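*Asks:* If you want the building blocks of each chain, they are given just below.
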Amino acid sequence: MIEKFSFLAPDMDGSEPRELALLSIISQSFFQPFSLQDNLLVIMTALTSGSGVGFNRAMLFLKEGDRLRGEMWLGPRSAEEAGMIWEVLSTPGIGYVEIIEHNRALVNKSEDTLSARLKGLVYAADDEGALVPAAAAVRKEILHVRGAANDPLVDRRFLNLIGVEEFVCIPLVARDEVVGEIVLDNAITRTPILPADIKLAGICGLMAGNYIYSANLHRKLLDVEKMAAMGEMAMFVTHQLRNPIVAIGGFTDQLLQPNVPEEKRARNLAIIRDEIRRLEDIIFQMGHFLKVSMKEPVYFEPGPAIAAVLENPGVLARSGGYAMNVRLDPCPPEVLCDPTSFGEVLRNLLDNAFDATEAGGTISVRTYRKSPTAFVLSVRDSGRGMSNPDKGQLFKPFFTTKEKGMGLGLPFIKRVMDTCGGKIEVRSRAGAGSLFKLIFVSRERESKP
Amino acid sequence: MKKRILLVEDEKPLCLLYEEELSREGYEVTAVTDAEAALAKLGQAEFDLIITDIRMPGKNGIDLITQIMGLRKDIPIIINSAYQSYKEDFMTWAADAYVVKSSSLDELKARIRQLLGE
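Residue numbers (this note's numbering), protein chains in the order written: chain L, 67 to 515; chain S, 811 to 928.
There could be a bad hint or two in this list.
Said to hold, decoys possible - Below, a list of computed lysine to aspartate or glutamate pairs in the EDC-like style, where the Cα atoms sit at most 20 angstroms apart: (1) Lys330(L) - Glu830(S); (2) Lys851(S) - Asp820(S); (3) Lys822(S) - Asp319(L); (4) Lys822(S) - Asp347(L).
As the list claims (entries may be wrong) - A partial selection of chain S residues facing chain L, derived with a Cβ cut-off under 8 angstroms: (5) Glu821; (6) Leu824; (7) Leu827; (8) Arg865; (9) Ala892; (10) Ser895; (11) Ser912; (12) Ser913.
Stated by the list, open to error - Calculated from the model, a selection of chain L residues having no Cβ within reach of chain S, i.e. all distances over 10 angstroms: (13) Met150; (14) Asp193; (15) Arg343; (16) Ile490; (17) Val507; (18) Arg511.
Because the hints were derived from the structure by calculation, they are not lab data.
Since this is a predicted model, take the numbers as computed values, not measurements.
All residues carry an ideal CB built from backbone N, CA and C; glycine is no exception.
Okay, chain L solo, but in the shape it has when bound:
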């Protein structure tokens, strides 16, 4: 007998050792398309939620260059607030996803007060004589501090901020490099910090350190890729701009010659006008592609965005010549994406389908659930399809099989899907049409009263 288990274990029922529960919470978060900020929040949540280590409060410092800077504060500000929070978090059936949602709100709430004050704390990350809390990161050692008020090695500004005698500092280290530090305390319950808690927090620190390290590496890699793409883009733009400019200049020179026949004059002006429009189009597309920063994905109901694209006058005008086969999920789940980018993605897919298909062909648009957490938007055309070598280059900027294309539509789609943790599947055969399937992370809509 073969039994299958999911990586994404259901929420723990409390019978597991708390170490396992904690590691499960953190590992599961790495499966989610969360931002670095959210993943760090998960780790902080694991350290402070009852099903994890159960510290009262956690403070995160991140290393930026040679500085260690306060970044995020998680935990109640008073015993009263703690009571309210713990009541919510101990609700039966509440899972880690809900806890994270709750904590995100909490972090944002304390943004103006505690987090702001924490962000004001900056230490040199390489100063051998650094005071606590920075000392833990500098020496790459876990430090358990008791009787902080009487210890001259503790920074007073930090002490004034946290206002407790006992806390533990966990350096976040990966490959012998310090990437940050987490400080944990039991300010509300005043329960002593036990060696077992410190050991477990240390393991969380290692995971957090490695996560931050790989996120930093990923960011650097993206920068390198961006630079390479910029070089290629500069070259491509030279070509794209030079051709119409040469045509405009050349045909204008002809107009300046004496005795130009009326017919030729009209023809040249028409060419010049068309080439100027082409330049405008190139500039528009470049501007669109160069919007470097993608907006943070959010969960939203995709129905209205899809309808808006399908009813767009430009799309309606183009779809007239085709058999349009539209089958949409009448009650779609919420999908994770920036809503504007979502609409632009569909528009791009439709434009590609129209470009690749002769009038009279069929274009199908479908949406459906692939699983409880995956929602598919697909566009199929009966057009000319692609050969294998073309498929390999599809998402490379400036690759195009179109006579007048810029080759920026699919790279844009890929960027959007990368940003929201989605996937793209392409099926295509030369002469037999193409199918583009976009798989978005989704969740069921909350039932409204």
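Assemble the complex: chain L is given as a structure, and chain S must be docked to it using the hints.
*Replies:* Chain S in isolation, oriented as in the chain L frame:
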């Protein structure tokens, strides 16, 4: 007798411009928009000079030059590209001249005259 030029240029407005301007200079111009069509024309007629773009759909200008060199080494070739940077690429050295596209056709015309010994 008029000297015959084979022009390979995928941009239709440029094709038209070069065709008209070079005809005005007294050349007989045959214009095609891709490399395959150029090879076909070379098989059908004699040419005194070839002008080709580099970036074109299908086979690019450099592949075209490589193929022409295998067939006919005697026809002078001018690369006419929008890319300045390809000039440093050794793959383009097989051509007899490299002219970056410009709205003034003076340099192109000068190179043609030079290569045709006029």
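*Asks:* Determine for every hint whether it applies to the structure shown.
*Replies:* Against the structure, the hints:
| no. | hint | verdict |
| --- | --- | --- |
| 1 | Lys330(L) - Glu830(S) | holds, 11 angstroms |
| 2 | Lys851(S) - Asp820(S) | holds, 15 angstroms |
| 3 | Lys822(S) - Asp319(L) | holds, 18 angstroms |
| 4 | Lys822(S) - Asp347(L) | holds, 18 angstroms |
| 5 | Glu821 | holds, 5 angstroms |
| 6 | Leu824 | holds, 6 angstroms |
| 7 | Leu827 | holds, 4 angstroms |
| 8 | Arg865 | holds, 6 angstroms |
| 9 | Ala892 | holds, 4 angstroms |
| 10 | Ser895 | holds, 6 angstroms |
| 11 | Ser912 | holds, 6 angstroms |
| 12 | Ser913 | holds, 2 angstroms |
| 13 | Met150 | holds, 64 angstroms |
| 14 | Asp193 | holds, 48 angstroms |
| 15 | Arg343 | holds, 12 angstroms |
| 16 | Ile490 | holds, 25 angstroms |
| 17 | Val507 | holds, 37 angstroms |
| 18 | Arg511 | holds, 46 angstroms |
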